[in-house]
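Order-wise, the sequence lines are chains Z and E. So in our numbering the end of the first sequence lands on 406, straight run, no missing numbers. So in our numbering the end of the second sequence lands on 552, straight run, no missing numbers.
Since the hints were made in silico from the structure, they are not lab data. Incorrect hints may have been included.
Per the computed footprint, the stretches of chain E lying under chain Z, defined by three or more beta-carbons under 8 Å from a beta-carbon of chain Z, are [what the hints assert, rightly or not]:
| no. | region |
| --- | --- |
| 1 | 419-431 |
| 2 | 528-535 |
With a straight-line cut-off of 27 Å between C-alpha atoms, the simulated DSS-like cross-links for lysine-lysine are [said to hold, decoys possible]:
| no. | chain 1 | residue 1 | chain 2 | residue 2 |
| --- | --- | --- | --- | --- |
| 3 | E | Lys439 | Z | Lys396 |
| 4 | Z | Lys400 | E | Lys439 |
| 5 | E | Lys449 | Z | Lys21 |
Here are the simulated distance ranges between beta carbons [what the hints assert, rightly or not]:
| no. | chain 1 | residue 1 | chain 2 | residue 2 | range |
| --- | --- | --- | --- | --- | --- |
| 6 | E | Asp505 | Z | Lys10 | 48 to 54 Å |
| 7 | Z | Asn340 | E | Asp507 | 36 to 42 Å |
| 8 | Z | Asp155 | E | Asp507 | 42 to 48 Å |
Bear in mind the structure is a predicted one, so any value in this text is a computation, not a measurement. We put the CB at the ideal spot given by N, CA and C, even for glycine.
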Amino acid sequence: MAVKEDILRKQFPILGLTVNKRPLVYFDNAATTQKPVAVIDRLRHYYESENSNIHRGAHYLSQLATEAYEQARENIRKFINAGQNHEVIFTRGTTESINLVAYAFSKKFLNPGDEVLISEMEHHSNIVPWQIACENHQAHLKIIPMNEKGELRMDQYRKLLSEKTKLVAVTHVSNSLGTINPVKEIIQLAHQNNTAVLVDGAQAAPHIPIDVKALDCDFYCFSGHKMYGPMGVGVLFGKEKWLEQMPPYQSGGEMIKEVSFKKTTYNELPFKFEAGTPNVADVLGMEKAIQFILEVGHKAIARHENDLLQYAINRLSELENIRFIGTAEQRTSVVSFLFNDIHPYDTGTILDKLGIAVRTGHHCAQPVMDHFQIPGTVRISFALYNTKEEIDVLVKALAKVREMFG
Amino acid sequence: MSGIKEKEQEIIEEFEIFDDWMDKYNYIIELGKSVPEINPEYKQEKYLIRGCQAQVWLHADYKEGKVIYTADSDALITKGIIALLIKVLSGQPPQEIIDADMAFIDQIGLREHLSQTRSNGLLNMIKQMKLYALAFQKSMPQNNNQ
């Protein structure tokens, strides 16, 4: 199925909005994507006819909701090609998934003097949890540097891997640069070194197929809201061999087998890591979003988004004094740039006045900005509903920006 | 009418002549270009108010019962709005600064720049301006009354 823009766009009610008296151009998809009617309807349907607490209560609704929730787990397992349902843990999002591993994996496996390896292009949510974990366990955080194009320096990575390296945490796709990292190679090299690998897939999940079996990653994290699903829900995939050995991250109901004041035994996977009442509605919404992606098809999405990316780069290159930040050979759906020495905040403010939503600033990746010695960038990021006409609108708007600040 | 309210009224009248947002922003950008640069010795970490998007440097002096502010930003629109804030608050007595509600920002249609989502340092800048006023008032309470 090809991406038929007009039909597709109609499935996203918010895209019909007028902002500052102009039709909304939404180019902030790396922050969060908009939601199709199917996802919005799914949430509504759940609360209208299925809502109940799950995994307890023998009544009809509880059973209905439990079955829907566990079916969603099965469908999400298929989506990422994981081996077993209990390797799919539902979380609040990528940030919580990473925090869970940073806490529980480190508690079991990270010892004084050990090392955790992350990259220079990580989002803060894949930096700070590891800083805290390293501090708690007297371990050291090491950084894989990147080159001027915004690609990881694999030669440096090889050198950094040592017998002390317990875990590598790296992003699949950079949120600020759009770089697609060679995660498969990163994982292979780590495994030769007996090192586990966590992949932050928040920016990859909406754009490229995820196959945790082919990647052979130990952990994979992503968020529902960046892939057309609801906010507040995400996934942690973890290999059973790790999850079994890791202690619980949070505690309470659902995650226990037996509780007495003397001793509590923990529930089996995946429930050991899902303390408290889960976010059932949003899990079902995320399942629907995944179904939506599969219906449009990864190939059609990739073709359309790569077209947009190329078109955007070509059109923006026509402007004078534009500096692209991040020019990796392998990249997707993100263009970060600086324009005419105009501060990104100034550019973003005027674009907003013209109805164009972009992200400006450091994109929660300050080390990336430090690398390029810039205060931030203007970032446009695409989803499957964006069009070339919208890019034309942006290029015209940037001419206006230059006029105002020139 | 307090000194601050008078200044606010001047700005509101100035902004009334603009027909559209673009004229208004062109004016703010021009203000941004003309604002007196902060003394370079104050453009350092100690005086920096960090926003997620833009940075602001703020310095305050206390002379003859009045607070004198100078400030700067790396973003021009932010700098233009700083010029307005300084016009209103600089040279006023601490108590008036502490009491100022800055309602004029809303009236000239720039409220969005003071929202949390913008994270451009302006909201924290106003807070910091008031904190300076409070500190000066506390350190030299007699000056105000003499």
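How the hints compare with the structure:
no. : hint                               : result
1   : 419-431                            : holds (count 3)
2   : 528-535                            : violated (count 0)
3   : Lys439(E) to Lys396(Z)             : holds, 24 Å
4   : Lys400(Z) to Lys439(E)             : holds, 18 Å
5   : Lys449(E) to Lys21(Z)              : violated, 39 Å
6   : Asp505(E) to Lys10(Z): 48 to 54 Å  : holds, 52 Å
7   : Asn340(Z) to Asp507(E): 36 to 42 Å : holds, 37 Å
8   : Asp155(Z) to Asp507(E): 42 to 48 Å : violated, 59 Å
Hints 2, 5, 8, counting from the list given before, are not met by this structure.
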